[in-house]
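*Asks:* Work the whole structure out from these sequences, hints included.
For the protein sequence lines, the chains are A and B, in the order given. So for the first sequence, this note's numbering puts the first residue at 1; every next one is plus one. So for the second sequence, this note's numbering puts the first residue at 1001; every next one is plus one.
Using C-beta positions, here's what the derived DEER-type ranges look like:
1) B/1237 <-> A/7: 23 to 31 Å
2) B/1306 <-> A/74: 58 to 66 Å
3) A/13 <-> B/1395: 55 to 63 Å
4) B/1306 <-> A/31: 55 to 63 Å
5) A/7 <-> B/1050: 40 to 48 Å
6) A/113 <-> B/1193: 17 to 25 Å
7) B/1038 <-> A/84: 30 to 38 Å
8) B/1199 <-> A/113: 26 to 34 Å
9) B/1192 <-> A/179: 29 to 37 Å
10) B/1043 <-> A/4: 31 to 39 Å
11) A/92 <-> B/1053: 21 to 29 Å
12) A/74 <-> B/1210: 22 to 30 Å
13) B/1210 <-> A/13: 37 to 45 Å
Chain A side only, calculated, beta carbon under 10 Å to chain B, not exhaustive:
14) 8
15) 24
16) 27
17) 33
18) 36
19) 66
20) 76
21) 103
22) 106
Since the hints were derived computationally from the structure, they do not count as laboratory data. All C-beta atoms, glycine included, are put in the ideal place defined by N, C-alpha and C.
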Amino acid sequence: MSGVTRRQLTNLLGALAVAGVLAGLTFGLPAIDDALPAGRPVRADEPYPIGAGVTVEPPHGAVLDVTGTRPGNNQGSVLFRLGLVRYSIVVRPFDGTVAAAAIGLQQRITQTAGYQVTGAQLTITTHSGIAGLQGAYAAPGRGGRYAVFVSDGYLIEVTVSGADLDLGRTLPAIEASTRTLTAADPA
Amino acid sequence: MTERSEGHEGMSDVRPARPAPPRRPALWIVLGLLAAGAVRMGFVGARFAGSYPIATLTAVLLFALLAVPFWVFVSELDFLEREPMPLLVVAFAWGGLVATAASIPGSAALEDLIAKLGSPHLAADWGAALAAPTVEEIAKTLGIVAIVLIARDQVNSVLDGVVYGAMVGLGFQIVEDIVFALGAVALAGQGDHVQPVIATFLLRGFLSGVWSHTLFGAFAGAGVGYLLVRTDRPHRARAGMAVLGIGGAWASHVLWNSPLFDGLGNGGLALLLVLLIKGLPPLVGIVWLVRRAHDREAAYYVGHLARLNDPELITARELPVLASGSRRAAARWNAGARGYLTVRRLQRAQARLAVEMSRASCAVSDGSVGLRAQDVREQRTALAALGLREATAAPRSWRQTASTVATTVVAVAVLWVALASLGGA
Chain A
1 MSGVTRRQLT NLLGALAVAG VLAGLTFGLP AIDDALPAGR PVRADEPYPI GAGVTVEPPH
61 GAVLDVTGTR PGNNQGSVLF RLGLVRYSIV VRPFDGTVAA AAIGLQQRIT QTAGYQVTGA
121 QLTITTHSGI AGLQGAYAAP GRGGRYAVFV SDGYLIEVTV SGADLDLGRT LPAIEASTRT
181 LTAADPA
Chain B
1001 MTERSEGHEG MSDVRPARPA PPRRPALWIV LGLLAAGAVR MGFVGARFAG SYPIATLTAV
1061 LLFALLAVPF WVFVSELDFL EREPMPLLVV AFAWGGLVAT AASIPGSAAL EDLIAKLGSP
1121 HLAADWGAAL AAPTVEEIAK TLGIVAIVLI ARDQVNSVLD GVVYGAMVGL GFQIVEDIVF
1181 ALGAVALAGQ GDHVQPVIAT FLLRGFLSGV WSHTLFGAFA GAGVGYLLVR TDRPHRARAG
1241 MAVLGIGGAW ASHVLWNSPL FDGLGNGGLA LLLVLLIKGL PPLVGIVWLV RRAHDREAAY
1301 YVGHLARLND PELITARELP VLASGSRRAA ARWNAGARGY LTVRRLQRAQ ARLAVEMSRA
1361 SCAVSDGSVG LRAQDVREQR TALAALGLRE ATAAPRSWRQ TASTVATTVV AVAVLWVALA
1421 SLGGA
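*Replies:* Here is the structure:
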């Protein structure tokens, strides 16, 4: 009787090695990533460069999450965390109106199952004079705020999300931070 | 005992193709991985299809159409000893389902690690250039290894490695492009619109398609092919060439994704320059490599036919024609509309005869050399019925040269329009 031949065993081990390396890429790398802390201290009240010349003063008590932060010359993003609340700002080139930008962001929010926009949109103006629109959205057990600004060919999108209780506590500081958004002088 | 002549096998980039059943343990594991990849990518596709059905359908159709010329070109590279369709499908599916499914979480995690261990600035500038090539080239190379594990005997030349590597890369490229196109639709936030799909098709499919994953995969495949086939070389040299091939794929990918030369600007000319600077060196490298591998394989198989010295099977003037892809095509066109397919069938029959003769030379033939020769004679008779004595190419005419120049001018014009439509010129 012939059992497993040496050739079959080598073949099996080779295939298992392939599967092992694949598992390393698919699950191992994310596991290592999760094991390392993403938070970095960041100074409040000091303008943080997001990208394309746009800056914001982080709220007190915020931590910079480097996994959601990608500064750049033509676009960029920053992610702050205040406890369990996410405060994200994205800057990218845009040639539409602020109303169109708000509709686009609303559509993306409501594409996530269970999320819906609540209430009416309100106008908002930063201390540096950038006008925008802000609104709110909700999902079961969670809430969120959004704001969009258009300045000198760039779109600035702000989204805040977290559990209702945490959100209520941190929202004043976040709204104050959002009003510190400043765009570079186009000149 | 098998009879292996040094002239055919020992010192060559080619070994006789030996038909053999797939090796079972690896086959089942690879099929399992393909199923897992299909489920994972199916979820990604279903999410997009649910939100953007028209855009999803458009993206799938456009990029599937784009895959056709790439598939034909890659499979035609190995005209003389064609690879089995099921293996080509497995290679393509590995790239499109398994390598993508592994690369999406793997690349994101590696980019995050660059941000954590370096800085967000480093990740923003070089994250895409370092993370994606590292994870994706490993995942794709595993696809070539999987093919070797399933059907080691089918990878019997460096060119075979190129073909399987390119097919894995093609599968990856097409599925990645579809995901990018639908990501652009989601980012636009305008609902189920196809404009972002068209823009992605022009940018990633049309402008970047030539020097993308198909090319990177071909590099890696050449390295793996050399490692397997050149058993006459020391282990260190073979391993070195494999590392060089996979490293070449990685380096080409890094160069393509890198922020180098981004400072040239956003104008049409600047975009064209960046495309050429980043894309042309790897393209020239792979063209040289493929040509060399093809010529060596052609010399090996045509060498077998040359020894027949039977003009019924192949004439002296047909030998160099069969050995060259461009001359094979020229011979078909030279036969006119009626003779095109007949010449192609004759060339296919001659190629199959050569492959069977190579197998017979080391006692792995199924004994069908006579049948293959008979097939060639039948095609020769069909050709004679059209009034053609042999399948050869006419000297290049001024019309052909003018046609080539005109085609090039049109291609450059289309490229320029595409660049301009993307906001360049």
